[in-house]
Amino acid sequence: MTQDSTTGAIRFDAGTLTLQGLPASAVKLLFSDVPWKWDPRSDCWRCDALHYRRIAEIVRLCQIDLDVPIASEASVVFPSMNLPPLRMEQQNGLAAWLSTRNGVVVMPTGTGKTEVALQAMAESRCTTLIVAPVRDLMYQWHRRILRGLSYDAGILGDSVMNIRAVTVTTYASACIHMPKIGDRFDLLIFDECHHLTGPIRSDAARQSIATQRLGLTATLEPTDAAMEHIEHLIGPVVYRLPIMEVRGKTLADYDVVRIPVKLNPPERARYDLLAEQIASYVYQRREEDPAFQWRDLSAESLIDGTASKILKAFREKESIEERAEEKFRVLEDLFRLHLGSPIIVFTGSNLMAREISIRFLIPCLLSHCGKRERLDYLEGLRDGVYPALIANQVLDEGVDLPEVKVAVILGGKATTRQAKQRLGRILRRRGDARATLYEVVTEDTNEVKRSRKRRRNDAYPRARHRPS
Amino acid sequence: MLTRELAIAHRENGRIIPDRLTTAAHAIYPELARRMIAVYESGIRKTRQELHRSVARILEEDRDCPIRRMNAFCKLLDEYGRFDRGKPKQAADLRRRVFAIAAQHHPMIAEPESILDHSESAAKQSIARQLGVDWPELRQRLYEDLIENHRLSAFETPQDPIDLLSRYNVAQTQAALLDATSIRIEATTDWKLILRYAKLAGLMHSISETKNGYRIELDGPSSVLRHTHRYGASMAKFLPGLLSCQGWEMIATMRCPRKGSSNRGYPAGPILELNDRSGLRSPVARHASVDSEIERTWMEAWETESHAPWSLVREGEILVRGQRVFIPDFVFIRDPSANREPSCHDRTVHRQAGRVLLEIAGFWTPEYIHHRSESLTLFSDIPILVAIPRQTARAWDGVPWSPAHRKILFGRHLKPKDVLPILEELAPNP
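Sequences listed follow chains A and B, in order.
Using the working numbering, read the first sequence as starting at 139 and increasing by one per residue.
Using the working numbering, read the second sequence as starting at 236 and increasing by one per residue.
Keep in mind the hints are simulated off the structure, nothing from the lab.
It is possible that part of the hints are untrue.
Claimed, not checked - Label pairs and their in silico Cβ distance ranges: (1) A291/B x S170/A: 51 to 61 angstroms; (2) E425/A x H522/B: 52 to 62 angstroms; (3) A291/B x D171/A: 49 to 59 angstroms; (4) A364/A x K434/B: 30 to 40 angstroms; (5) P178/A x T257/B: 35 to 45 angstroms; (6) L236/A x H522/B: 49 to 59 angstroms.
Said to hold, decoys possible - Taking lysine to any residue pairs in the SDA-like style, the calculated list, with each CA pair at most 25 angstroms apart, reads: (7) K455/A x E383/B; (8) K455/A x I302/B; (9) K447/A x A407/A; (10) K509/A x K324/B; (11) K447/A x A291/B.
Stated by the list, open to error - Which chain A residues stay away from chain B? Per the calculated CB distances, all over 12 angstroms, these: (12) R192; (13) C200; (14) N230; (15) A233; (16) A234; (17) C264; (18) D290; (19) I319; (20) T349; (21) D393; (22) E405; (23) L412; (24) R461.
In this text, a Cβ means the ideal position worked out from N, Cα and C, and glycines have one as well.
Chain A extracted, bound-state conformation (with noise of 0.2 angstroms):
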């Protein structure tokens, strides 16, 4: 601030870019299509740091004499490369992103985009960040970086706060720290990068100055509203490789069978009577206001007693479905049918995958496990140690898992981008063997829309019903 003013100066400042000592008619001439905000409050322009691509571009060029003493120009020398040859799509993945270095790789579960990510690295040798979608993704990018690049990579998040060279975060965590280390970084790499939404969460691109950006994810559809924001974040989507294409030569071929369970007498009544006031409350209040909407009750529920036990009912009512009685009788059966091949199943809830745990006394993936706990149940899985395997949403992306053959799923949320992903753990071919994966499904209630819902979907088209 007290600098000389006689030249310019650019600076990076808490996820922003400032520029001082260059007239307003400089500033908008030399640098038209950057969003320079005037900051009266600090006496300068200001921007996201997300422009500095373009401003070092212009600064370059233009040949302009400002200060800018942020580029990480720093080269990051990998001690040895252990990365596998690259199938022909990862291949052509790898080439169209490197093409511009600013661009989302939409690949299916499956198809080894990390190994995409591991040779743009290799290829970029820059100070990176990683950012992945939970703490054990993050875990997981460490491991395969020391793997694949004999590389220990920082750690920020899961209360860790060890920055290196290249570094390996959360989105939760990278958001936040973003002010403060957002000109470390050359190359930011966005694991499931369709989690990228989200006034706060956006931060985590657009406060850092990356000039090389890489999007990964399995489902980013053309049609997705976020497609536009990413593009804005990260850049366009540079190589798109659709789920059939790969079904059958990199993916196992797959069954679904879907296995209707019935609520026991007890679990009807109760289940009947809560569906029973929900109705009326809801009668009741479209009387009053014909515009009352379901989502209006969560947003009543929290100044108002009524609504708050019409909510409380609500749940119950999904957790009846979520843990009916007969699911733990089909998973003694499904158990029993697959005794000898890993199975891992699917549950909605933490709840549910503990209780399972504790009824069959099976290890489940919790956010609660540690990194060696978690470590010891995958391999374990794989190695034969324990049949099955629990978990709720944590396995829902991109964690890498043993090769199974079989899954289950126990109710769940109804979205196809869930759906995908799901199956994607159990599309791990191995040999000719097929895949089957169960849907555990309470009959006539919520459960089977949804479970409707999920198969429409361009992975689900050979669901088949199991014959009673």
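Given chain A, work out where chain B should sit, using these hints.
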């Protein structure tokens, strides 16, 4: 502090009103608070889940108590306590052993149909026996490291059940501020303290003078680029400090609610209003005025007689350059009865005449002198008198002095008769 998920607020004509428990409208709450505290006091060794269930049962007596309020009280009560985290490593080791042994009994069947089936109850008993415990105990220990199974190990009882309610009220207002995009404060007295708390919270300020004091607007670097609530957490952090100050009114602008819901007449987002008379009790003790002995004796010496036309005001003026702020200890005002016209002491605005600032150099460390001389350089056009104790004068050697600044050395006490001539010199009668 509460998270957004525990925040309760309702909106009324574009105003955000955080949940607030008052003895008038919530007469049973002091009693409920007493019982909730008792649950924790007698709950040592109970799990978090058990404690939270008991709290929920107590609050259910208020038929209108929403779930979030129950959860918020649980969170605040937890903060008075300490929990035993249940030895995560040991629990994980136990799990691994149990699951590995259990693999031999997989799958465990509740009602075996043939002798080939593993009976669930027999298997569990046998596993527990191998580990030297019984099944109910094993079951309890299996997940004892989970947050809801942590056991209370200590609890610091609030002095008064009302303290818990005050803490709750402040916490709800803080939680509401998580969605704030900017804060505007009209300060009439404690602006130095307010600015200090704002700086501690990492906020950026814009300051302008008003009739009775200063208007302080607080936000963060990106705020100039877009409406962002990313600094809401800093604003929430700032609140307890602000609540301990006097003489202020605050308006926080909140982010626009989700699309579709109307926000009639408040295109910038709803607002939250608060002032020093709102009755929210700060958990922070009021910062004792930083009076040093020298300042106090100086003040007393000045007040023994009139020094017309000069009067003295303590910390009466803020000097601002961008994000640098300098609040000298005193300001001398010539003829204060004349109306004080608002003016901003920024380089863009012409200063009004008839004012001299006084800074009493309380320290002599190199860092302090460096920092002060930086401030002085920044405000080299403003008449400032720096009073330096004679025995520390050497430490100031080499510090450059601008024509608008004077230093005055003093022995035991700074005396008005030594100061007055310099005032006339720095700000002559027009």
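Status of the hints after comparison with the structure:
Range check, A291/B to S170/A: Cβ separation about 60 angstroms, and the 51 to 61 angstroms hint holds. Our hint of 52 to 62 angstroms for E425/A and H522/B holds, since their Cβ atoms are close to 56 angstroms apart. Checked against the hint of 49 to 59 angstroms, the C-beta distance between A291/B and D171/A comes to roughly 56 angstroms, which is consistent with it. Here the CB-CB span from A364/A to K434/B is close to 37 angstroms, well matched to the stated 30 to 40 angstroms.
One distance hint, 35 to 45 angstroms for the beta-carbon pair P178/A and T257/B, holds here, with the actual separation near 41 angstroms. The hinted window of 49 to 59 angstroms between L236/A and H522/B holds, with their beta carbons roughly 57 angstroms apart. Using a Cα cut-off of 25 angstroms, the hinted pair K455/A and E383/B holds, with the two alpha carbons roughly 23 angstroms apart. Restraint check for K455/A and I302/B: satisfied, since their Cα atoms lie roughly 17 angstroms apart, inside the 25 angstroms limit.
With a CA separation close to 19 angstroms, the supplied pair K447/A and A407/A stays within the 25 angstroms bound. Proposed proximity of K509/A and K324/B is supported: the alpha carbons are some 11 angstroms apart, at most 25 angstroms. The straight-line distance between the Cα atoms of K447/A and A291/B is roughly 13 angstroms, inside the 25 angstroms bound, and the hint therefore holds. Every CB of chain B is more than 12 angstroms from the CB of R192/A (nearest about 16 angstroms), matching its label as outside the interface.
The beta carbon of C200/A sits about 24 angstroms from the closest Cβ of chain B, which is more than 12 angstroms, so the claim that it is off the interface holds. In this structure N230/A is separated from chain B by more than 12 angstroms, as the shortest Cβ-Cβ distance comes to about 37 angstroms. Every beta carbon of chain B lies more than 12 angstroms from that of A233/A, the smallest distance being close to 35 angstroms; the non-interface claim holds. For A234/A, the requirement that its beta carbon stay farther than 12 angstroms from each beta carbon of chain B is met, with the minimum near 31 angstroms.
The beta carbon of C264/A is kept farther than 12 angstroms from every beta carbon of chain B, the shortest such distance being approximately 26 angstroms. Distance check on D290/A: its Cβ is at least 23 angstroms (rounded) from any Cβ of chain B, clearing the 12 angstroms threshold; non-interface status holds. The claim that I319/A is not at the interface with chain B holds, since no C-beta of that chain comes within 12 angstroms of its own (minimum 15 angstroms). The Cβ of T349/A sits about 20 angstroms from the closest Cβ of chain B, beyond the 12 angstroms cut-off, so the non-interface label holds.
Every CB of chain B lies more than 12 angstroms from the CB of D393/A, the least distance being 22 angstroms, so the non-interface label holds. The beta carbon of E405/A is kept farther than 12 angstroms from every beta carbon of chain B, the shortest such distance being approximately 16 angstroms. Non-interface call for L412/A relative to chain B: holds, since the shortest CB-CB distance, roughly 16 angstroms, exceeds 12 angstroms. Non-interface status of R461/A relative to chain B is upheld: no Cβ of that chain comes within 12 angstroms, the nearest being about 15 angstroms off.
Comparing the model with each numbered hint stated earlier shows that all of them hold.
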